[in-house]
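K.L.:
Spelled out, the chains give:
There are 2 protein chains.
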Amino acid sequence: MKNRLNGDIAEINAALEKYMSHGENPQKKIYEAMEYSLFAGGKRLRPVLMLETAKMAGGETETVMPFACAMEMIHTYSLIHDDLPAMDNDDLRRGMPTSHKKFGEAMAILAGDALLNKAFEIVSSVETAEPARTLRAVSMLAASSGTEGMIGGQVVDMESEGREIELPELEYLHLLKTGAIIRSSCTIGVLLAGGTEQEVTAADEFAKNLGVAFQIRDDILDCTGAEEELGKPIGSDKTSGKSTYVSMLGLERSEDLVKEYSEKAAAALGIFGERAEFLKWLTGYLVNRRS
Amino acid sequence: MKNRLNGDIAEINAALEKYMSHGENPQKKIYEAMEYSLFAGGKRLRPVLMLETAKMAGGETETVMPFACAMEMIHTYSLIHDDLPAMDNDDLRRGMPTSHKKFGEAMAILAGDALLNKAFEIVSSVETAEPARTLRAVSMLAASSGTEGMIGGQVVDMESEGREIELPELEYLHLLKTGAIIRSSCTIGVLLAGGTEQEVTAADEFAKNLGVAFQIRDDILDCTGAEEELGKPIGSDKTSGKSTYVSMLGLERSEDLVKEYSEKAAAALGIFGERAEFLKWLTGYLVNRRS
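Taken in sequence, the protein lines are chains F and Y. Those letters in the first sequence? Residues 144 to 434, by the numbering used here. Those letters in the second sequence? Residues 144 to 434, by the numbering used here.
Think of the hints as simulated: they come from the structure by calculation, not from any bench. Check the hints yourself; a few may be wrong.
As the list makes no split between identical chains, a pair holds if one copy fits it or if it spans any two.
What the hints assert, rightly or not - With a straight-line cut-off of 25 angstroms between C-alpha atoms, the simulated DSS-like cross-links for lysine-lysine are:
| # | residue 1 | residue 2 |
| --- | --- | --- |
| 1 | Lys351 | Lys171 |
| 2 | Lys145 | Lys402 |
| 3 | Lys171 | Lys385 |
| 4 | Lys172 | Lys385 |
| 5 | Lys186 | Lys407 |
| 6 | Lys186 | Lys402 |
| 7 | Lys198 | Lys385 |
Only chain F is shown next, with the shape it has when bound in the complex (with noise of 0.2 angstroms):
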């Protein structure tokens, strides 16, 4: 299992070094800037979901390639624009310094405009899928990752810095912030696969689910963990007064919720049967880390 995740990096990796390629121009300096943050070592957990909910409902990889990679694009600017020195205003970001202390504030804005932007270049120039399906999968994109989707999220997420919030408030701000395009990661991968509305349907309370019990073991981490693991100070939530799980519900309760979130994330695959058994694990692998 683990090596079939591994290969699904790589893969992902190379599709988007290729996506990355650019010519000999003035302005390929902001390639640079790009590629630095696109490379720094994240998890490819969003990318991943949509090639393995694909290859659930029957799809092939190259499909559902660059909808995989555009997703992963739009977390990466979504993480520069919000290091920058006017939001969480963080130097490092896995143990590497962030896009605006490496390139300047500057740059670092570009750069993330630059990737929403070719996310949008690489899902609109799709030609191996019939357009109206493609199309409904560039709003679907589109949506989650909006004003009603991860954007959203963000503008809650920053109203409630330095005040108390209630858990509704907090499971909807987790909903939109980072829940919305874990789930269209999945409805997406599903639909270009060729699959069924109830099949998208399922998918999605998948990703709902899962995308809960990862925040929640996100702010354990961030509790518990161990700082090197993490590449960021351990307790940087805590100190900075943001409300998470844990501060809310303790680490007892919170650990029994990463269960009971990713049962349902899990039994949500039902109607896939035999074919749903590497996301079932990966969920387990996702939920149960340490880092």
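Following the hints, put chain Y in place on chain F, whose structure we already have.
P.N.:
Using the frame of chain F, we list chain Y on its own:
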């Protein structure tokens, strides 16, 4: 003619307002920032060009309106990010506080991101045209606003600051930074109207020359125009040490070039015969403007 232009602008504003409608959700505040910049008195040059090139090629307004609005959103996001302290650090635009002055830097970054994203949400949801054609138009839009288009131009612009540049570099910079989306506004208009490839090429040639004439007029106005008419300090390019057509070629030669390029623009519309009448008038109106 002026009435027709104002009619187009009114239609575009109504459509933009429709696209800005949103639910009473916790992230609704981002819409306030998006709307603030979107309705800050822009000339609607790009969407007007798209509507009118489409009409010239026999198309309907409603078919191109989603793309016209998306184009204005992309233009607006680029202005918001360009004004940021890390970029041009402008406090005023069209006589009003810039986005980060009004809403803070974090919200300005997100509002820009959100407008770029919203543009792609809108165009990927178009159901009135044939999906293959819509997808090609999305692809043209994305290419013109990305690293090989507008963002690329911003990078070159940024890298040229504080040093002397030569005319070819200035031309390249504007060809990308302002030219790319002016061109795609016109080519997408003709494409969506069902124009021939020859007509798309003619519209591109028109827009390319119009874009240069428009930019040179901008440089001239920056040097000579009245501050209150422009809504920004006169000579701001000069004081910031930016290279412009005027600083390189002088006022007289710049005026000649405006005339040359606008004549080339008008000539490119020859194949459209009388249907090009309005766009020829608009060209004169834009390049001879006093603010």
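K.L.:
Decide, hint by hint, whether the structure agrees.
P.N.:
Going down the list of hints, with the structure as the test:
When the C-alpha separation of Lys351 and Lys171 is checked against a cutoff of 25 angstroms, the pair qualifies only between copies, where the shortest distance is 23 angstroms, while the shortest distance within a copy is 38 angstroms. In the homo-oligomer, the alpha carbons of Lys145 and Lys402 lie at most 25 angstroms apart inside one protomer (21 angstroms), although the nearest pairing across protomers, at 66 angstroms, exceeds that limit. For the homomeric pair Lys171 and Lys385, the shortest alpha-carbon distance between copies (21 angstroms) is at most 25 angstroms, but the shortest distance inside one copy (38 angstroms) is not. Only between protomers do Lys172 and Lys385 lie at most 25 angstroms apart by alpha-carbon distance; the minimum there is 20 angstroms, versus 36 angstroms within a single protomer.
Taking the closest pair of Cα atoms, Lys186 and Lys407 come within 25 angstroms of each other only inside a single copy of the chain (23 angstroms); across copies the shortest separation is 52 angstroms, beyond that limit. Only within a single protomer do Lys186 and Lys402 lie at most 25 angstroms apart by alpha-carbon distance; the minimum there is 21 angstroms, versus 55 angstroms between protomers. For the homomeric pair Lys198 and Lys385, neither the shortest alpha-carbon distance inside one copy (38 angstroms) nor that between copies (53 angstroms) is at most 25 angstroms.
Checked against the numbered hints above, the structure violates only hint 7.
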